[in-house]
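1 is the number of the first residue of the sequence shown in this note's numbering; add one for each residue after it.
To be clear, the hints were calculated from the coordinates, so they are not data collected in a lab. Misleading hints may appear alongside valid ones.
As the list claims (entries may be wrong) - Calculated cross-link-like contacts (lysine-lysine; reagent style DSS-like; alpha-carbon spacing at most 30 angstroms):
| hint | residue 1 | residue 2 |
| --- | --- | --- |
| 1 | 417 | 468 |
| 2 | 634 | 656 |
| 3 | 41 | 18 |
| 4 | 634 | 468 |
| 5 | 645 | 634 |
| 6 | 18 | 31 |
| 7 | 540 | 570 |
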Amino acid sequence: MTQISSERGHLDCLFRPKSIAVVGASSDPSKIGGRPVALLKRMGFTGAIYPINPMSSVIQDLPTYPAIRNVPESPDLAMVVLPSRLAPAAVEACISHGVRAIILISAGFGEIDDTGRAIQAELAERCSAAGVRLLGPNCLGVVNVQDRVACTHSAALDFAWPSLGRLGIVTQSGAVGSYCYALAVDRGLGLSTFVATGNEADIDVADCIAWMAEDDQTSVILGYLEGCRDGWRLRQALTAARQAGKPVILMKGGSSDAGAQAGASHTGSLAGADRVFDAAFRETGAYRANSIEEMIDVASGCIGLEGNFPTGRNLGIFTVSGGVGILMADAATEFNLSLPILSDAAEAKIKSLVPFATSRNPVDATAQILNDFTIMTSILRTMVEDRNFNIITLFLQDLGRLDQYVDRFREEIFAMKAERPSTTFLICGGFLPRVAREFRAHGFLIFEDPRRTVHMAAALATIGAGLKAADGSCLGYKLRSTARSADAAVDGTLDELQSRALLHQADIPFVPAEFAGSRGAAVAAAEAIGFPVVLKVVSKDVAHKSDVGGVAVFLADANAVEMAWDRVMKSVAKAVPDAVIDGALICAMVTEGTEVVMGVHRDPAFGPVAMFGLGGVFVEIFNDVSFGLTPLSKDSALSMIRNIKGFPLLQGARGKPGADIEQLADILCRLAAFAETNQDTISSVELNPILAGPRGAVAVDALVIRERNDARIR
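Hey, can you work out the whole structure from these sequences and the hints?
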């Protein structure tokens, strides 16, 4: 299993403390300083609780100490519940007394202004130097139900008291997290651990996911985040959870790409921060939810399945309503589930039971089953025995609200589920609460809306596939490449000639080309290469040459080259008056192949991020691109290529030959490896277009942007 907790200190002192001090404790259980003491007592915490308040000798029936230094032992954990102006001194006192972890509830730090950020950074540095872990500031704290820890002031515990269960919740936002917690309790989900990380001066979401990945009590992890400082560690934590067989369901706020642009590079402008997180989640098998309701639904489904996830996406639909069958079939298409058609023999058997039934899949048994519930169970058995459905959904309308109906099919349907433990059964319909609990106890998942039911079926299949791929190779893969570290150079955009020379180190194939510093040299170069040729301006001040008339194509003879030289130089000088023009690049005119784009952009949190898509001048208009994090394996590169909508063009469309997909993946891997090797000095690399044909692929243009980065990701 991937280990990251050892790098930053184990977190048992936070989640499983044996003794807890509350600095700023209050006798009033309704106040922020009084709530942690009251909640710890209500939870039945078995360790020592030390209220700290110089104005009291007893708080909530507990002996109270004027300062942390007066406590007779060094508590594992201290909660600091004081105004921000008093917090730094309290943190220092805790460090001096040997406290191992601190929860800083106080607000008024990094979320406020530069001064607050500076103080927060100083606190984090001081704790780090002392080997003390810091949660917060501006956080909601920790709850660990198994160990009876309730170091929080959350009001959610007043109306949603937790029961012991298997769900761990980690959140950057206290409000979002506590709302998710309350909804989970309302849904009947038991909790293992809850933690809100706040400003994350030290302990962050990645730390907490990594701890939960090792926690025996936690089997499903639910999380909310808006960003991260260290994408590599987040990837390690998510991989550790996947290797432990624990689904991670995440919702990320802040999906706007504002502020994520990266200058002249298409790769940078397309690789918004949100899409990079998508790539990270996809790589590590984490499931991304788009709403709080979806998070709770998926978590509920994961808990209900107890690790027995669907092994494929074949869906069988049984319904008592043709309309609902249509809705579910539409949803199956939307969520990429397959609907295998039943055999002729199975259809005939269903028709013999209900002549007017719809019998292909979806199967509509109609309300006829109300006269004889053995019809329902017989049709279901016919379905599951005829096709190897990974998932069965049943629409039962309101049958679950009426005991006289439930009593007539309960035992038979329970037996059918027991006979097929590998098949996932989801029921859509209305149920009495006690009946719903009974069905859930027998392994059925219950939802009320048809589309939502099918959505959950697809989500669980996606999670199952992600867990099945738990080999962790994405984090350990290094491409054996001839790519070398680029020589140091001045920051800025390299012209195409410089970019090509640099990328030759990574064995990137380019079309034949020669540099020409004059009109006559351009003609000589064209004659050496062979007509027809392309003429392209060479200038570090012109990133996208086509936009300013800096490219001339299909030049068939010397006269065409001379005319193109004059036309291109005049056009560029007019469009970019301050551009320094070094000359032109004369390239062989290649027409065979589909235009694709490859690039790598340095993300501030995740490091180099690779891009692949349909290329050419319209790349940002079509926006048909996929992303992957480096290091990039061959399988990951192939997956990126296959994930674009235009992939059929690369397979060959309308009789045209397909591209060499394997070679494209190799080039993408080499480009990613080169960018990772040079991530300290190169911020962006782009090959646009690459012409991909059946006999291989060649890059037609290249753009490299240098920008020194002293904050190396890994």
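Status of the hints after comparison with the structure:
1. 417 to 468: Judged against 30 angstroms, a Cα distance of about 23 angstroms means the pair holds.
2. 634 to 656: 26 angstroms, holds
3. 41 to 18: With a Cα-Cα distance of about 14 angstroms, the restraint between residue 41 and residue 18 holds, given a limit of 30 angstroms.
4. 634 to 468: 19 angstroms, holds
5. 645 to 634: Holds. Residue 645 to residue 634 sits at ~20 angstroms (cutoff 30 angstroms).
6. 18 to 31: 24 angstroms, holds
7. 540 to 570: Holds - the C-alpha atoms of residue 570 and residue 540 are around 17 angstroms apart, at most 30 angstroms.
Figure legend: structure checked against the earlier numbered hints; every hint is met.
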